[in-house]
Amino acid sequence: MTVTPVAEMTFEQAMADLEQVVTQLERGDVALEDSIALYERGAELKKHCETKLKQAEEKVAAITLDGSGQPSGVTPVEDL
Amino acid sequence: MSDLIDDPREGLNEPEFNVTEISGAIKRMIEGGFSHVRIRGEVGRVSMPRSGHIYLDLKDDKSVISAVVWKGVAGRLATRPEEGLEVVATGRITTFGGQSKYQLVIEDLKPAGVGALMAMLEKRKAALQAEGLFEAARKSALPYLPDVIGVITSPSGAVIRDILHRLRDRFPRKVLIWPVAVQGKSCASEVTRAIEGFNAMTPGGALPRPDLLIVARGGGSLEDLWGFNEENVARATAASQIPLISAVGHETDTTLIDFVSDVRAPTPTAAAELAVPVRHELLALVAGQEARMAQALSNLLSMRRQRLRDLGRALPRPDGLLETPRQKLDLWGDRLPAGLIQLVQLRRLRVSERAGSLRPALLQRAVRGEDKRLQALAPRLPQGLMRVVATKREALGRRSDRLNVAPLHQDLGRKSKDLARLAGRLSDAGTRQTDSWQERIAALDRLRETLGYKATLRRGYAVVHGDGRVVTTKKAASGATELEVEFADGRMQLAGKSARRVSKPDPEAGPPQQGDLF
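Protein sequence lines, in the order shown, are assigned to chains A and B.
Residues in the first sequence are numbered consecutively from 0, following numbering that gives the first Met the number 0.
Residues in the second sequence are numbered consecutively from 0, following numbering that gives the first Met the number 0.
In case anyone wonders, no lab produced these hints; they're calculated from the structure.
Mixed in with the good hints, there may be bad ones.
Capping the alpha-carbon separation at 25 Å, the derived lysine-lysine pairs in BS3-like fashion look like this [what the hints assert, rightly or not]:
1. B/Lys173 to A/Lys46
2. A/Lys51 to B/Lys173
3. A/Lys53 to B/Lys414
4. B/Lys173 to A/Lys58
Computed far set for chain B versus chain A, every beta-carbon distance over 10 Å [unchecked claim]:
5. Leu84
6. Glu230
7. Asn298
8. Arg379
9. Ser426
Partial pick of chain B residues on the chain A-facing surface, computed with a CB cut under 10 Å [said to hold, decoys possible]:
10. Leu163
11. Pro171
12. Lys173
13. Asn198
14. Met200
15. Val285
16. Arg291
17. Arg398
Only a predicted model underlies this, so the values are computations on that prediction, with no experimental measurement involved.
A virtual CB, placed ideally from N, CA and C, is assigned to each residue, including glycine.
One chain only, chain A, in its complex shape (with noise of 0.2 Å):
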C-alpha cells in the first residue's frame, strides 16, 4: 500500500486506493486483523474522497491585462 499519507491525497489517487482496498475485502482472503486495519484505512479513504467532492465550490475570476497584455492582476467574476 502507498505510503502518501490519506490527508495529502489527490481525488484520483484517494478513490484508486479506495477501489483496491474494496477489492481486497471482497476477495475475503485478508487475515481478519488485517481486515479491520484494511476498513479502517477505506473508511479514512473515503472520508477524505467525501470531503474533496464536497469542497468543490465554483470561484470564477479573470485575468486582467496591463496595456503590454500580460496580467496585472484578477477581477471575480459573478454574473455569468
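Start from chain A and add chain B according to the hints.
Leaving out everything else, chain B in the frame of chain A:
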C-alpha cells in the same frame, strides 16, 4: 469672344492644360470612377516598414498593381497579407501626380474564398506534421480532477457561459479566465500569449497555476476561426506543459490547434465535460465503495463466525476423548503386578540354569585345550623362522642382484670401451712411431750400404786384412804375419811372406769408407 472670332485653324479650339492641371484632371477622373473597387489577385511582394503601413503588390498573370494599407486599416485587418495568398482587396484607386503613378488604397483585405485559405492551411499542417507536432506520444493525459481550470476565450459571449454552466453542473471548480480576442488580427498573438502566460505561472504563485487549459471559441466562418490556424498558436499549444483542451468552432470545424492540443473537444460545452467528472456520480461512487466495503467486512465476519461454529460442532466431548485411554489404563494396571512377578521368576530360572553349568572341570578343559594348541604350534616356530630368513635372504639376493649388476656392467663396459679406444690410439701411435723409425733405419741402412766399402768390392776392389786390421800399406803388409783378402764374394787366406811376393799389392785398396764414389 469666341462667338465673334472664328479661329481658322483646326484643333486649336481644344483647351490647353498644364501638367498639374492634367494630373489633377486625371486624379479626379480616376478617383471618381474607381472610388470603390474590389480587386481579386495574388499577393506579390509585401513590405511592412516600421511606419506601420503595409506596401504590397497585387498581381495576376499579366499585370501588377501597387497597393498600400495605411496603418489604421492594417491594425483592423483580419487577414495579414502573405505572399502567394489569393485575396480580394476592397478599396479605392488614387493617383500620385508627383510620380505619374496610381495605386490601390486597401480598406479591406480578405482571402479569395475558402479555397485560398484551405490551401494555405494544408501547407502549414503538412509542415507541422513533418516536425512531429501531431504525434500521439506528445500528448499528455488530462488530470482526473483539476483544481484550477484556465480558460482562454472571449470574456463575454456564449462560450464562457456555456463552459461555466457545464462546470457548475458537473463539478464546480476554480476557473481563471484569460480574456482574448477570438477573431481578428490580434486573435492569434493574444491566444499565444495567454497559453504561454498560464504556463509561466508558478504553482503557489500570486495567481493559482491551472492544472488544465481550455482554449475555446464558438462557431464561425473559416475566416473568423483563422486565428486558431496560425502557426504561433499551434506551437504555443504544442509547447504547453499544462494539458490543453481545444474547443474551437463547431464539431465540423477543424483548426490547426485541434491537431496539436492534447484533447480536441467538439464544442466548448464538451470541453467542460472532458475537464471534470460529475460530482454527484463520484459521490455515489464513493458511497457505493463504502457500502461494498461494509458488506465485504460483514461477509468476512459472518463467514468466519460460521466457520467457527462449524469447527466447534466438529469438536468431540472431552469425556469421550478420555474414555478409551482410561479403559486401557485400567486394563494395563491390572496386568502390571502379575507381569512383574512373572518376569522375576523367569530371570531367577535363567540364573539358576547358568549357575548350574559353571564347574572347574569346564575351565580346566578349556585350559587343556589351549595348552594343546600351544604345543602344536611351538614346533612350527623354528620352521617359520627359517622360512622367514630364507625369504628375506632371497629378497636380499634379489636386491643385491638388482643393486650391482646392471649399472656396474654398464660402467665397466663404458670404461673398457674407453680403455680399448685409448689403447688403440696408443698402439696406433706406437706403431706409427716404430714404422717411422724402421723406415728411417732402412733408409739409413740403404745409405750405409751405398756408402760402405762392400759395394766397392762388387766392382772389383778388394780389401786386405792383416792381423785383424785393414792393411793399407806395403809396410804394414810386410809386417803382418797373416794376410787375408776380402772380395765381394768372400775372404781368401794368403800364404805368409812368400805369397806376399807373388801377389801384387792392391794399390787401390783404400779405407772402407772411401772410394770412387767421390
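Results of checking the hints against the structure:
1. Taking the CA atoms of B/Lys173 and A/Lys46, the gap is about 22 Å. The hint holds against a cut of 25 Å.
2. The suggested pairing of A/Lys51 with B/Lys173 holds, with an alpha-carbon distance near 14 Å, which does not exceed 25 Å.
3. In summary, the hint linking A/Lys53 to B/Lys414 is not supported, as the alpha carbons are separated by about 124 Å, beyond the 25 Å threshold.
4. Between B/Lys173 and A/Lys58 the CA atoms are separated by roughly 5 Å; this keeps the pair inside 25 Å, and the hint holds.
5. The claim that B/Leu84 lies off the interface holds: its Cβ sits roughly 26 Å from the closest Cβ of chain A, which is beyond the 10 Å cut-off.
6. With a minimum CB-CB distance of about 19 Å to chain A, B/Glu230 clears the 10 Å threshold, and the non-interface call stands.
7. Distance check on B/Asn298: its Cβ comes as close as 7 Å (rounded) to a Cβ of chain A, failing to clear the 10 Å threshold; non-interface status is violated.
8. Interface exclusion of B/Arg379 from chain A stands, the closest Cβ pair being 87 Å apart, more than 10 Å.
9. In this structure B/Ser426 is separated from chain A by more than 10 Å, as the shortest Cβ-Cβ distance comes to about 114 Å.
10. Using the Cβ-Cβ criterion of 10 Å, the hint placing B/Leu163 at the interface with chain A is satisfied: the shortest such distance is roughly 5 Å.
11. Checking B/Pro171 against chain A: minimum C-beta separation of about 4 Å stays under 10 Å; hint holds.
12. Taking 10 Å as the C-beta contact cut-off toward chain A, the hint placing B/Lys173 at the interface holds, the least distance being around 5 Å.
13. Hint status for B/Asn198 relative to chain A: violated, with the closest Cβ pair at about 12 Å, above 10 Å.
14. The closest approach between the C-beta of B/Met200 and any C-beta of chain A is roughly 8 Å, which is under the 10 Å cut-off, so the hint is satisfied.
15. About 5 Å separates the beta-carbon of B/Val285 from the nearest beta-carbon of chain A, less than 10 Å, and the hint is met.
16. With its C-beta approaching chain A no nearer than about 5 Å, B/Arg291 sits inside the 10 Å limit, and its interface hint holds.
17. Given the 10 Å rule on beta carbons, the hint for B/Arg398 is violated: about 86 Å separates it from the nearest Cβ of chain A.
The structure fails hints 3, 7, 13, 17 (numbered hints given earlier, in ascending order).
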